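Q: Generate the whole structure from the sequences, applying the supplied hints.
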Amino acid sequence: MILEVEGLKVEFPTRRGTLTALDDISFSIAPGEILGVVGESGAGKSITGLAVIGLLEPPGRIAAGEVRLEGRRIDNLPHEELRRLRGRRIGVIFQDPLTSLNPLYTIGRQLEETILTHLPMTKSEARARALSLLREVGIPAPESRYANYPHQFSGGMRQRVVIALALAAEPRLLIADEPTTALDVSIQAQIIALLKRLAGERGAAVMLITHDMGVIAETAQRVAVMYAGRIVEVGAVRDVIHAPRHPYTVGLMGSIPKIGLRKGKLVQIDGAMPRLNAIPPGCAFNPRCPRRFDRCLVERPDLMPAGASRAACWLHAAT
Amino acid sequence: MPLLSLDGVSRDFDVSRPWLNRVLEHEPRRILRAVDRVSFEVSAGETLALVGESGSGKSTVARLIVGLHRPTEGRVEFGGRRMQMIFQDPYASLNPRWRVRDIVAEPIRALHTAREVEDLLVQVGLARDDGEKYPHEFSGGQRQRISIARALAGEPDFLVCDEPTSALDVSVQAQILNLMTDLQSRLGLTYLFISHNLAVVSQVADRVGVMYCGRIVELATATQLFSRPRHPYTRMLLDAVPDLAMSGKPRTPVAGEVPNPLAPPPGCTFHPRCPHANERCRREVPQLLDDVACHGVAEGRI
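Residue numbers (the working numbering), protein chains in the order written: chain Z, 1 to 319; chain E, 320 to 621.
No lab work stands behind these hints, which were simulated from the structure alone.
As the structure is a prediction and not an experimental result, all values here were calculated from the model.
Possibly wrong hints are sitting among the right ones.
[What the hints assert, rightly or not] Listed next, the stretches of chain E that the computed footprint assigns to chain Z, with coverage defined by at least 3 CB atoms under 8 Å from CB atoms of chain Z: (1) 349-359; (2) 482-493.
[As the list claims (entries may be wrong)] For each label pair, taking beta carbons as the anchor points, the in silico distance ranges come out as: (3) E346(E) - E113(Z): 32 to 40 Å; (4) N414(E) - A278(Z): 24 to 32 Å; (5) G386(E) - K265(Z): 29 to 37 Å; (6) P13(Z) - R418(E): 31 to 39 Å; (7) G200(Z) - S373(E): 24 to 32 Å; (8) N277(Z) - R418(E): 17 to 25 Å.
A virtual CB, placed ideally from N, CA and C, is assigned to each residue, including glycine.
A: In structure tokens form, the structure reads like this:
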């Protein structure tokens with residue numbers, strides 16, 4: 001396993017008490033595997049990504065659990081060491097490519113600098129590597145774009161540059177947080193194909209965070225569905241999409257409009273995800289769940305086997 | 320008699336640099352044509368969707384219809400009673416300092432009663448006493464319900480909805496789309512529905528217009544468009560939609576990007592990305608013939 005997360009708990013202390021943003025999150029990603037992490041806003045998917053790479057905004061903190069990269073614990077490393085790890089062993093791609101690029105430097109310079117920081121290379125070797133990276137992520141005629149600034153690229157091309165930057169030091173783990181959300185569908189398809197190819201060729205582990213089940217279906221092998229700071233279902237993408245086991249996943253799949261199924265009503269989950277300061281006791285989904293029963297109101301379910309996947313739902317309790 | 324008709328509507332925006340720069344640097348004026356000779360009709364009770372990628376001009380068409388922009392050329396004719404608009408961002412379109420009852424009552428302030436406002440709130444799935452609250456006390460989906468209640472206050476028969484669910488989570492999007500469908504059948508509303516999301520469009524639309532670079536390139540019933548797309552751009556868009564069914568159908572890779580609207584390519588604006596383009600496509604702008612603007616389709620090549 002490249003990434004292992006075990007019992008991760010993230011808290012935000014506030015004046016009015018401590019909010020638990022993530023509670024008992026465990027998952028792992030193998031080499032060459034793409035794990036999709038899906039959920040609606042506030043489910044905790046981005047916080048999971050930030051916690052793994054040690055970029056939680058204070059006062060947020062990891063209160064319990066472990067994060068291991070290739071067997072080595074990284075959640076307790078000092079700030080400086082963790083910073084070297086990001087970029088070298090972990091590449092990060094965010095939703096908005098402009099926040100990851102420095103507007104004042106040419107993209108060639110940014111790539112070269114990243115490569116020289118992490119790899120023992122001469123300047124000309126770094127330049128050659130930067131050009132080959134740009135070519136690999138599909139930037140046409142990279143020599144002529146090398147001295148361009150980020151604003152001279154379109155949104156899709158910028159995201160390609162960001163991917164090239166994230167890959168610069170051959171990271172073992174790639175964290176992509178909504179990498180295609182800001183892009184048009186035709187560009188989105190290009191970026192998805194690119195991510196898939198890179199994960200396959202380089203054997204890196206990819207954690208793909210998105211709200212879009214369609215992107216997961218196209219890209220990932222396994223998916224973890226998050227709700228109110230917990231993983232409620234995890235399994236092979238095919239199983240979770242075709243035979244969801246948790247009532248939340250069932251509702252989520254039904255609420256996605258699909259081309260060709262015309263004008264019927266969409267399945268709707270009434271209500272909204274609870275806020276962090278008002279998570280109900282028992283199963284956090286119980287107030288919205290059409291299949292709740294007594295046990296759901298008092299006892300919190302952990303992930304348990306459910307069909308071919310695992311779901312945190314008492315419907316699948318063995319007894 | 321259609322409820323709304325657009326006849327050869329175009330809209331230019333002047334995006335020139337300031338006069339002094341133009342004089343000193345010998346730069347000409349720069350005109351961006353956001354909408355180029357768009358014509359269509361919307362009949363009472365139907366939902367026409369305009370779909371396209373960013374920069375295709377779909378939102379500008381919406382703004383031309385409600386009168387937020389004047390057309391540079393062409394005519395917009397509205398034969399209905401009243402129209403209202405619903406915007407994408409439910410955070411920006413509600414005044415944070417007003418109570419919800421005042422927001423909803425604004426279009427009918429002279430004649431509203433508290434009871435009417437409460438009825439409107441109930442109609443969109445909110446509680447009667449929600450009128451006392453402020454917008455920040457609501458989630459994104461509930462705010463979009465407030466925008467819909469406000470739009471309905473003036474008793475419109477035509478609603479222009481510009482990406483009404485794009486800022487919402489999928490489960491909330493389903494709630495809002497269901498609500499809009501309900502309201503349409505209950506109140507006999509007519510919708511112009513603008514979206515970049517083809518799956519959402521297939522859910523709500525009776526007819527669909529596909530826009531590219533300010534033009535309508537294909538206009539068809541939803542059933543026809545999604546089962547037998549004709550324009551190469553429509554085919555490309557449909558191909559790019561992630562396949563949730565995981566059928567593993569082979570897909571044609573999509574190449575290239577939307578061209579710069581300040582310097583659109585000559586001829587058919589889609590030709591640099593089109594696998595079927597020939598000499599004529601590079602030279603001559605295709606007209607909307609039989610509801611498709613494509614030389615290849617007109618010549619029977621595609």
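Q: Kindly confirm whether 24 to 32 Å is satisfied by the beta carbon distance between N414(E) and A278(Z).
A: 27 Å, holds
Q: With respect to the beta-carbon atoms only, verify the hint that G200(Z) and S373(E) lie 24 to 32 Å apart.
A: 30 Å, holds
Q: May I ask you to test the hint 31 to 39 Å on the CB atoms belonging to P13(Z) and R418(E)?
A: With Cβ atoms ~33 Å apart, the hint holds.
Q: Establish whether the coverage given for the stretch 482-493 of chain E by chain Z is satisfied; the threshold is a Cβ-Cβ distance below 8 Å, and no fewer than three residues must meet it.
A: It holds: at least three residues are needed, and the stretch 482-493 of chain E offers 6 whose Cβ sits within less than 8 Å of chain Z.
Q: Does the Cβ-Cβ separation between E346(E) and E113(Z) fall within 32 to 40 Å?
A: 35 Å, holds
Q: Cut-off 8 Å, C-beta pairs, minimum 3 residues; does the coverage of the stretch 349-359 of chain E by chain Z stand?
A: violated (count 0)
Q: That 29 to 37 Å hint for G386(E) and K265(Z) (C-beta), does it hold up?
A: Roughly 33 Å apart at Cβ, these two residues keep to the hinted range, so it holds.
Q: Could you tell me whether the CB distance from N277(Z) to R418(E) stays inside 17 to 25 Å?
A: Given a distance of about 24 Å, which is inside 17 to 25 Å, the answer is holds.
When the structure is compared with the earlier hints, a violation turns up for hint 1 alone.
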